[in-house]
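J.: Please model the entire structure based on the sequences and the hints provided.
One letter stands for each residue in the lines below.
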Amino acid sequence: MRFAFTTDQLALRDAVREMLAKECPPSEVRSAWANANGRTASAWDALTGMGVLDALVPEAAGGLGLNMLDLVLVCEEVGRVALPEPFVEHALVAAAVVGSGHGSMSALVGPAALGVYADSVDAVLVEDDDRLLLVAREGLVLERQSSVDHTRHLFTVDWSSAEATTEVGGPQECADAFDRAALGNAAVLVGLAQHLLDVTVDYAATRNQFGVPIGSFQALKHKLADVRIALEFARPLVYRAAHSVSIDDIDRSVHVSMCAAQAADAASLAARHALQCHGAIGYSDESDLHMWMKRVWALQRAYGDPAWHRERVARAILDED
Amino acid sequence: MVVGSLRRMDLSWSPTEVAFRNEARAWLAENVPSEKLPSGDTRDGFALHLKWEQRLFDARWSVVSWPEEYGGRNATLWEWLIFEEEYHRVGAPQRVTQNGIFLLAPTLFEFGTQEQRDRYLQPMASGLETWCQGWSEPDAGSDLAGIRSTAVRDDAAAGWRLSGQKTWTTRGAFCTHMFGLFRSDPAAERHAGLTYFLVPLNTPGVTVRGFGRLDGDEGFAEVFLDDVFVDDAMVLGEVNAGWKVAMATTGSERGLTLRSPGRFMATADRLVRLYRDIGARASDPALRHAVVQAVIDVEAYRLQTLATVTAIGDGDNPGATSSLTKVFWSELDVRMHDTALALLGTAAELEDNGWMKDFQFALSGPIYAGTNEVQRNVIAERVLGMPRR
Numbered sequence: 001m002r003f004a005f006t007t008d009q010l011a012l013r014d015a016v017r018e019m020l021a022k023e024c025p026p027s028e029v030r031s032a033w034a035n036a037n038g039r040t041a042s043a044w045d046a047l048t049g050m051g052v053l054d055a056l057v058p059e060a061a062g063g064l065g066l067n068m069l070d071l072v073l074v075c076e077e078v079g080r081v082a083l084p085e086p087f088v089e090h091a092l093v094a095a096a097v098v099g100s101g102h103g104s105m106s107a108l109v110g111p112a113a114l115g116v117y118a119d120s121v122d123a124v125l126v127e128d129d130d131r132l133l134l135v136a137r138e139g140l141v142l143e144r145q146s147s148v149d150h151t152r153h154l155f156t157v158d159w160s161s162a163e164a165t166t167e168v169g170g171p172q173e174c175a176d177a178f179d180r181a182a183l184g185n186a187a188v189l190v191g192l193a194q195h196l197l198d199v200t201v202d203y204a205a206t207r208n209q210f211g212v213p214i215g216s217f218q219a220l221k222h223k224l225a226d227v228r229i230a231l232e233f234a235r236p237l238v239y240r241a242a243h244s245v246s247i248d249d250i251d252r253s254v255h256v257s258m259c260a261a262q263a264a265d266a267a268s269l270a271a272r273h274a275l276q277c278h279g280a281i282g283y284s285d286e287s288d289l290h291m292w293m294k295r296v297w298a299l300q301r302a303y304g305d306p307a308w309h310r311e312r313v314a315r316a317i318l319d320e321d
Numbered sequence: 001m002v003v004g005s006l007r008r009m010d011l012s013w014s015p016t017e018v019a020f021r022n023e024a025r026a027w028l029a030e031n032v033p034s035e036k037l038p039s040g041d042t043r044d045g046f047a048l049h050l051k052w053e054q055r056l057f058d059a060r061w062s063v064v065s066w067p068e069e070y071g072g073r074n075a076t077l078w079e080w081l082i083f084e085e086e087y088h089r090v091g092a093p094q095r096v097t098q099n100g101i102f103l104l105a106p107t108l109f110e111f112g113t114q115e116q117r118d119r120y121l122q123p124m125a126s127g128l129e130t131w132c133q134g135w136s137e138p139d140a141g142s143d144l145a146g147i148r149s150t151a152v153r154d155d156a157a158a159g160w161r162l163s164g165q166k167t168w169t170t171r172g173a174f175c176t177h178m179f180g181l182f183r184s185d186p187a188a189e190r191h192a193g194l195t196y197f198l199v200p201l202n203t204p205g206v207t208v209r210g211f212g213r214l215d216g217d218e219g220f221a222e223v224f225l226d227d228v229f230v231d232d233a234m235v236l237g238e239v240n241a242g243w244k245v246a247m248a249t250t251g252s253e254r255g256l257t258l259r260s261p262g263r264f265m266a267t268a269d270r271l272v273r274l275y276r277d278i279g280a281r282a283s284d285p286a287l288r289h290a291v292v293q294a295v296i297d298v299e300a301y302r303l304q305t306l307a308t309v310t311a312i313g314d315g316d317n318p319g320a321t322s323s324l325t326k327v328f329w330s331e332l333d334v335r336m337h338d339t340a341l342a343l344l345g346t347a348a349e350l351e352d353n354g355w356m357k358d359f360q361f362a363l364s365g366p367i368y369a370g371t372n373e374v375q376r377n378v379i380a381e382r383v384l385g386m387p388r389r
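Protein sequences, first through last, are from chains A and B. No gaps in the numbering here: position 57 of the first sequence is 57 in this note's numbering, and each next residue is one more. No gaps in the numbering here: position 385 of the second sequence is 385 in this note's numbering, and each next residue is one more.
Please keep in mind that the hints were generated in silico from the structure rather than gathered at the bench. Honestly, I wouldn't trust all of these hints.
[Stated by the list, open to error] Output of the computed footprint for chain A on chain B, the stretches with three or more beta carbons under 8 Å from beta carbons of chain A:
(1) 13–21
(2) 273–279
(3) 310–323
Every residue gets a Cβ at the ideal spot worked out from N, C-alpha and C, and that includes glycine.
T.: What follows is the structure in structure tokens.
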């Protein structure tokens, strides 16, 4: 029994954290809010350079040959900086199925109805009647939808008129792709929540009212303690699900759903308390806070909302026997 | 943190641990009373529970993690977790010896003299001597450092004279001994000047009055001390260092040793069974997901504990993070009982429905071992680094 990461896994996380701090500071997220494709100037290339976008691709096929357990902490870092890129869709979903060499990819799996960044990627992996299809962007008919998070360029995706689609997976691949997406999304939510907690703790230490830092008031302390508790009891579920996916555990889907529900709730709580503790400045779009909150609101129901995931757990533990 | 972290995550049990689980499971299946014992928080029930404790001790299951010389099995923390899972899984009797075994003993191991360990540990493990905790006073609850009970030096007799009042003392009316904090330096304030004493409750000058808890059992007591003499051998740790010694105990109490995941895994299992029995008739469809959330939360606690034990094995000290754990399990326990009562509907008020009495006990969780309000302050200040007032 050993429930901890290896030094290599922690080192990969640290390297990505260091790179993202440079490539995706809050000003970069703010730029993405207004630019043409909602994405960063250079973070994608930097991720490509580190190899993490093809981390799940076998070494023989040009990837790093890593697994979800190696990558789950990287997803947290992606969330921590609110990276506006299709990281989960490309690295965890599409590349893991089709390998490298297809350019940048988005993915449309599970109950998700909209494709993120579908206009600026080279191809989209879509789930179609229990099959996975890779469709080049040129073959897609896209209609833009507006997300609360303006960096998330969302589209309805119609591939019915695409001339070239490649079937790359069947029912099991569909199920596994969805589980990886939901798991990666949960880890991203944990990272978002951690950032929201960190900046709120910092703000509460420097903002003075009644002659003292507002962080010295119990009303704020208890809210932020609750966020810390929620994170403490979301992370282990995320890490265990990553372990289960990495070893093809028979219960991996249940484990993914447990962590997806827990992480979404933790992030939702973090966003709510972060806003309340910031007060009016948090309600202003001149503060960076709103970009993290809106990412949470966008992702907390992506790849199955918490009720969907609880119901999937319910069917496994309440209805069988 | 260095050597271990080269090894990859592995959530399987070793053959030794599996064998340990099987041995525990087999013994418990053979020996756990088929009839549920009356509450150990009543006088008669306490006596019956001590018979059970003796049986546990005779088979070396009462203190599995202790050294063999004191009746234990030298079990690892992992094996202790396994034993707890098995113990609660079969619904074995409550541990009326727990305040000694889980709260005092870790402190004796850390701060006690060899003589104290040899004198007190084995009778504690067998239930021959039972210990209650003498910390809270009428005016010192959450503000534990406000303790007023005094210890006055008696040089001639080579000991101390204790006076004052302790209260909310769990099972104080049935126990033979008390461990507690007393102000030994009247000039010192707050956390300074306190000393940790061991007090046999049959010492002249001790008066114990039991009284009822919320659930009706005589589980509480007031302990009055009037010039009670204890000799120097009854001081645990250094004189005037009682706060440090006591805090080591709260670490155990809030953290790993008082409420292991196995206890809540068992409650979640009962809740799932209740749902399967009557969930379809429940008036509120949201209860289905409340049951699921209980299972998810218990699983989160189990996994968080595995991470903690791994970290302890790597040489880390969990420290203030035990406050996170205490808030989580105590409020989870209340939620699970709330959910069960909601499932029971109008039958919730019946005292013998298997949940109402436990519900009342669950409500004590956010209060004892440091209220959850105090724990949240600890989390904010010591884990998050927020400013103190």
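J.: So, for every hint listed, does it hold in this structure?
T.: Against the structure, the hints come out as follows:
Here the segment 13–21 of chain B counts 3 residues with a CB under 8 Å from a CB of chain A, which clears the bar of 3, and the coverage holds. Requiring three or more residues with a Cβ within less than 8 Å of a Cβ of chain A, the coverage given for the segment 273–279 of chain B holds, as 3 such residues are present. Counting residues of the segment 310–323 of chain B whose beta carbon lies closer than 8 Å to any beta carbon of chain A gives 4, which reaches the threshold of three, so the coverage claim holds.
In the structure shown, no violation is registered for any of the earlier numbered hints.
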